[in-house]
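Going letter by letter, the sequence shown gives residues 0 to 64 in numbering that gives the first Met the number 0.
It is possible that some hints are incorrect.
As the list claims (entries may be wrong) - Subject to a maximum C-alpha distance of 30 angstroms in a straight line, what follows is the list of computed DSSO-like cross-link-like pairs (lysine-lysine):
no., residue 1, residue 2
1, Lys-43, Lys-10
2, Lys-10, Lys-63
3, Lys-13, Lys-43
As the list claims (entries may be wrong) - Each pair of labels, with its calculated beta carbon distance range:
no., residue 1, residue 2, range
4, Gly-44, Ile-20, 29 to 37 angstroms
5, Gly-44, Ile-23, 27 to 35 angstroms
6, Ala-29, Ala-52, 16 to 24 angstroms
7, Leu-58, Ile-26, 15 to 23 angstroms
8, Leu-46, Thr-14, 32 to 40 angstroms
Everything labelled a hint here was simulated from the structure, so no lab data went into it. Quick caveat, the model's predicted, so the values are computed rather than measured. Idealized CB from N, CA, C, for every residue including glycine.
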Amino acid sequence: MVFLYLKKKLKMSKTSIVIIIYIIGLIFGALFLNIWSADTNIFKGLLGLGWTALLLIGLFFAEKK
(Lines of atoms letter the chains of each structure in order from A and count residues from 1; the text may use other names and numbers.)
(Lines give C-alpha, C1' and ligand atoms only; values in the text may rest on other atoms or scores of the structure.)
Protein backbone atom coordinates (compact mmCIF):
# COMPACT_ATOMS: atom_id res chain seq x y z
CA MET A 1 0.00 0.00 0.00
CA VAL A 2 2.73 2.44 0.99
CA PHE A 3 4.81 1.42 -2.03
CA LEU A 4 1.98 2.29 -4.42
CA TYR A 5 1.58 5.67 -2.76
CA LEU A 6 5.29 6.42 -3.06
CA LYS A 7 5.33 5.21 -6.65
CA LYS A 8 2.61 7.69 -7.57
CA LYS A 9 4.15 10.47 -5.53
CA LEU A 10 7.77 10.07 -6.61
CA LYS A 11 7.55 9.70 -10.37
CA MET A 12 11.03 10.14 -11.81
CA SER A 13 12.09 10.00 -15.39
CA LYS A 14 14.22 7.08 -16.49
CA THR A 15 17.03 9.49 -17.31
CA SER A 16 17.13 10.75 -13.72
CA ILE A 17 17.22 7.21 -12.39
CA VAL A 18 20.15 6.31 -14.69
CA ILE A 19 22.09 9.41 -13.59
CA ILE A 20 21.44 8.69 -9.89
CA ILE A 21 22.71 5.11 -10.34
CA TYR A 22 25.79 6.49 -12.10
CA ILE A 23 26.53 8.92 -9.26
CA ILE A 24 26.08 6.18 -6.65
CA GLY A 25 28.51 4.04 -8.65
CA LEU A 26 31.05 6.86 -8.77
CA ILE A 27 30.82 7.34 -5.01
CA PHE A 28 31.21 3.59 -4.49
CA GLY A 29 34.23 3.55 -6.80
CA ALA A 30 35.80 6.53 -5.05
CA LEU A 31 35.32 5.26 -1.52
CA PHE A 32 35.75 1.50 -1.77
CA LEU A 33 37.68 0.85 -4.99
CA ASN A 34 39.97 3.91 -4.69
CA ILE A 35 39.61 4.78 -8.37
CA TRP A 36 40.95 8.31 -7.80
CA SER A 37 43.80 7.38 -5.51
CA ALA A 38 47.39 8.35 -6.21
CA ASP A 39 48.36 4.82 -7.27
CA THR A 40 46.36 4.49 -10.45
CA ASN A 41 46.75 1.79 -13.06
CA ILE A 42 45.23 0.71 -16.37
CA PHE A 43 42.53 -1.38 -14.71
CA LYS A 44 41.17 1.56 -12.70
CA GLY A 45 41.15 3.78 -15.78
CA LEU A 46 39.32 1.19 -17.83
CA LEU A 47 36.88 0.65 -14.98
CA GLY A 48 36.01 4.36 -15.00
CA LEU A 49 35.69 4.41 -18.78
CA GLY A 50 33.50 1.32 -18.72
CA TRP A 51 31.22 2.81 -16.07
CA THR A 52 30.85 5.99 -18.14
CA ALA A 53 30.12 3.92 -21.25
CA LEU A 54 27.35 2.16 -19.33
CA LEU A 55 25.95 5.57 -18.41
CA LEU A 56 25.85 6.62 -22.04
CA ILE A 57 24.21 3.35 -23.10
CA GLY A 58 21.67 3.70 -20.28
CA LEU A 59 20.88 7.28 -21.27
CA PHE A 60 20.44 6.25 -24.90
CA PHE A 61 17.94 3.52 -24.04
CA ALA A 62 16.15 5.65 -21.40
CA GLU A 63 15.51 8.40 -23.94
CA LYS A 64 14.63 5.97 -26.70
CA LYS A 65 11.60 4.57 -24.87
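Status of each hint after checking the structure:
Between Lys-43 and Lys-10, the direct Cα distance comes to roughly 35 angstroms. Violation of the 30 angstroms bound is thereby established for this hinted pair. Restraint check: the Cα-Cα separation between Lys-10 and Lys-63 comes to about 18 angstroms, which is no more than 30 angstroms; the hinted pair holds. As the CA atoms of Lys-13 and Lys-43 are separated by approximately 28 angstroms, the hinted pair is consistent with the 30 angstroms bound. At about 21 angstroms, the CB distance of Gly-44 to Ile-20 disagrees with the hint of 29 to 37 angstroms.
Roughly 20 angstroms separates the CB atoms of Gly-44 and Ile-23, a value that falls outside the hinted 27 to 35 angstroms. Checked against the hint of 16 to 24 angstroms, the pair Ala-29 and Ala-52 passes, with Cβ atoms roughly 18 angstroms apart. A hinted range of 15 to 23 angstroms for the beta carbons of Leu-58 and Ile-26 is consistent with their spacing of about 19 angstroms. A beta carbon spacing of about 23 angstroms between Leu-46 and Thr-14 contradicts the range 32 to 40 angstroms that was offered as a hint.
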